[in-house]
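Peer 1: Based on the sequences and whatever the hints tell you, model everything.
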Amino acid sequence: MAMFVWIVLALLTGAAVFAVLLPLSRQAPAASAPGETATDAAFYRTQLAEIERDAERGLIDPADAETARVEAARRLLGAARRDKATEHAGGGASLRRRRVAALLALVGIPLLSLPLYLRLGQPDMPSMPLSARVDRARDPGQIDLQEAMARIEAHLAQKPDDGQGHEVIAPVYMNAGRYDDAARAWSNAIRILGETPRRLENYGEALVASNNGIVSADARQAFDSALKIDPATVKARFYRALASEQEGDAQAAIAAYRALASQAPAGSALAATLNARLASLGAPPADTADSPAGAIAAMPEGERMAAIRGMVENLSARLAQDGSDVEGWIRLVRSYAVLGEPDKARDALARGRAALSGDEAGRGRLDSLGRELNIGGS
Amino acid sequence: MIVEAGHYALVLAFALSLVLAVVPMWGAAARDPALMAVARPAAFAMLVMVALSYGALTWAYVGSDFSVMNVVQNSHSMKPLAYKISGVWANHEGSMLLWVLILALFAGLVAARGGRMPARLLSNVLAVQGAVAAAFLLFILTTSNPFARVAPAPFEGDGLNPILQDPGLAIHPPLLYLGYVGFSIAFSFAVGALIEGRIDAVWARFVRPWTLTAWCFLTLGIAMGSYWAYYELGWGGWWFWDPVENASLMPWLAGTALLHSTVVMEKRDALKVWTMLLSILAFSLSLIGTFLVRSGVLTSVHSFASDPARGVFILAILVVFIGGALTLFAWRAPVLRQGGVFAPVSREGALVLNNLLLATACATVFVGTLYPLALEAVTGWWSPDNPSKISVGAPFFNATFLPLAFPLMLAIPFGQSLAWKRGDLLGVAQRLAFAIAVGVVVAIVILALTVGGPVLAPVGVGLGVYLILGSATEIATRAWRRGAGLGVMLRRAAGLPRSAWGTALSHAGVGVTVIGIAATAWGVESIVTLQPGQSTRLGDYTVTLEAVTPRNGPDYRETVARLRVTRDGQSLGVLEPGKRVMVGRSMPTSEAGLMTLGLGQVYASVGEIEPNAAGLRLYWKPMVLLIWLGAVVMALGGGLSLLDRRARIGAPAPARAAVPAPAE
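The listed protein sequences correspond, in order, to chains P and S.
So the first sequence is numbered by the numbering used here: it starts at -3 and just counts up by one.
So the second sequence is numbered by the numbering used here: it starts at 58 and just counts up by one.
Some chain P residues close to chain S (C-beta under 7 Å, calculated; not the full set):
#, residue
1, Ser90
2, Arg94
3, Tyr113
4, Pro122
5, Ser123
6, Met124
7, Ala146
8, Ala153
In short, the hints are calculated from the structure, not lab data.
A virtual CB, placed ideally from N, CA and C, is assigned to each residue, including glycine.
Peer 2: Now the structure itself:
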């Protein structure tokens, strides 16, 4: 392939040089071409002929035709005189000049083009039409996120009413920082598939993100709708509280944050966020939920590790009996990895893959988790 | 591979353009036929290389090769095929490549048809064309390379600016460029002839078809651009005296003047100096237009200064070519001997008047376009924090351009009826009496019917009618013969040279456009906010908002206002103006809704859309289509004239019926 490029470039160069050399190599090309004064004379002769024809057809009256004839004839004579004067004035063909010109083409063209091209171009870089790249990417191991996005986008452009598609791509947009697109995808999903608290709150969140963190009226409406369906919707509650804060109602915001925090697991990202919001409002950190996670967090170091291990073993045992829970397998693999036991993680991954033999999508997720954790899934 | 081959072909085209610029000119100076013979093959080879390069870029666009930066920035895999192809020239780099492709195309055409031209003139013309091409190829390669690559290649492009995704704009640039760049041939002819020092009727004979070709395309290009702005920008106007528009109008005015002065030069060997100057100016103004549009000075002088590489390069091209050509002109002009003499009242005299008025109009536009830029640049240099910004708009041009255009139009029918050398003004006036009378009567009748309405509009319509009838009169008088039957006259009319028909048609086209422009004064405008179900009056029509609905297109979503147009309770149809958002863009564009009723149009565009109402801008534009139709007629006239293969002769005006002509 790389060789082929150079052959093509060489052929092009050859063609360019040839186009200049060919006329130079012809013997006495002037003989065949009409001399310039010959053309001049011919031009005025045509004029004279036209005058005769027009006079015959009555398009010019005879007196005017005579004037025109005299004028054209005068110019014809002038052209003929110029002909004599200049015929022998010039140098004519010269072998030396021809050689210089030929050298210019033969050496000058490649000497100019090749270095210039090598500076500007990238001869080793193949063309990459999209269809060829997509074909190559059909191999599932090769799919990257961007490409998956491109494919879903292409699909949605053709079938804009595929709500599932919008729902799948929306979080991807969100992660990629394309908040406008995320908001649009969520709104399409809601329009086509109907309102659910999850769609509504995510739609609202995307709007907030695209609006630089300000909770707009649209976003608020989305959160309110979500809360109307399910008052426990966490994100919606959080952003409603944020809206109160942005509106200057600090008391309402603090109360709402506290209420949320009471249900948030200690040490979770949500709890951290809530405490940060509270701190910024000058309020003390909130108590987090009395959940198992909260309780474990409160234990001394050694006991905590034991408790966690116990929970992990429980999960492992449960999955050994019923292996169809993809989320469970993912949590298990992750837990082992976090606990610093890559062998067990790898083992769990393998068991999970075996247990999920009928579930392509689930196995795919496990594989990608394996790659993410760098414990080699497949 | 194809992309890189295209890139290399572009580099080779640059090398060939240098050979073309040097070897034939050297040959012409030394009168060496072998070197002069290089001109034609080198011009062909340059055309082939640029075409290969352009083809490779198009291939990259069609196949969505996102390893090419230019494709990433300006295309999108979901774009319809037609817009992938037009996307090639809808951006800076690609449009410059199209510019050079057309430049090379004209060089190739001159080379192909140059067999009958004087060899030295042909060599010099092609050499100058080669030099212009070399400058622009170097510009593309160093500052605007469309073949720059990206690694790793993204999987999707940034899409085309939605405003540019439109059939009107897809055809507009190629037409405009065919016009702009077409004048490069006149320029090359002028410079080539000045270098050689021989300027005569033969020169005019050979340059005329090229000027005419360029003029036709430029006319169509401007009309297309104007129509595009009319329906896409949503302001309802058709000409805004915007610098970008002026940039295309200036070469058109100079080119129109050139077209007419070349006729004088060809037939009478006169106006040589002036014609040379116009040839140089027409292309110089094209170059200045390119500079204005491409360098970014128009958005602001400041933005030009912040990324000056491109602007400075084009400026250098301007200085070298315009300055060089004018210097050459100043050096050679004194040796140009004038040819035939003529009386002030004659075809020549009328064409001189035409030239004076057109050149002054062109200068007016030039000042109105460049003065604000110059002022901002100078005062910005004087006090960087507080540059003076003024904007010169329609009032200036209406006050300066129209008073020049008016006498020009009055003179058109006279000009085409006067005889060469020594004309009979009174006789011409007699022959035009009918056209004059009808024009005046039309104006008065309309004025009486629309008492209290605009005054200039009836005058404009009268002028247009006079122009059309004046052109018809010219054909009729040339065909008329005492005692001849209608059949004979028709046969005589058909036997008239095509150029006579072309002239008449083009001038009638001016009349058509004038009527269209005049009629805009009777337009009705209404800016309303309607709720679904509500109606508003618009002249004789009633517009009802039926619904505001969202809609999906292949790569855009839009909100459409369904408007029903009725007249006297009779439904005439539905308009669907909308606001459109392309996939991957957030800026909405407005799509005007147009309904053609006779020669007029109902025009609707959507402004603010509220939950239960739509802000609408509605216009009734009577006879508005005539504006562009007239331009098409003008271009057709030019085309007809181009088809006249007869060598034009320096003959006086055709025989009049009073003089007995020999039997046919």
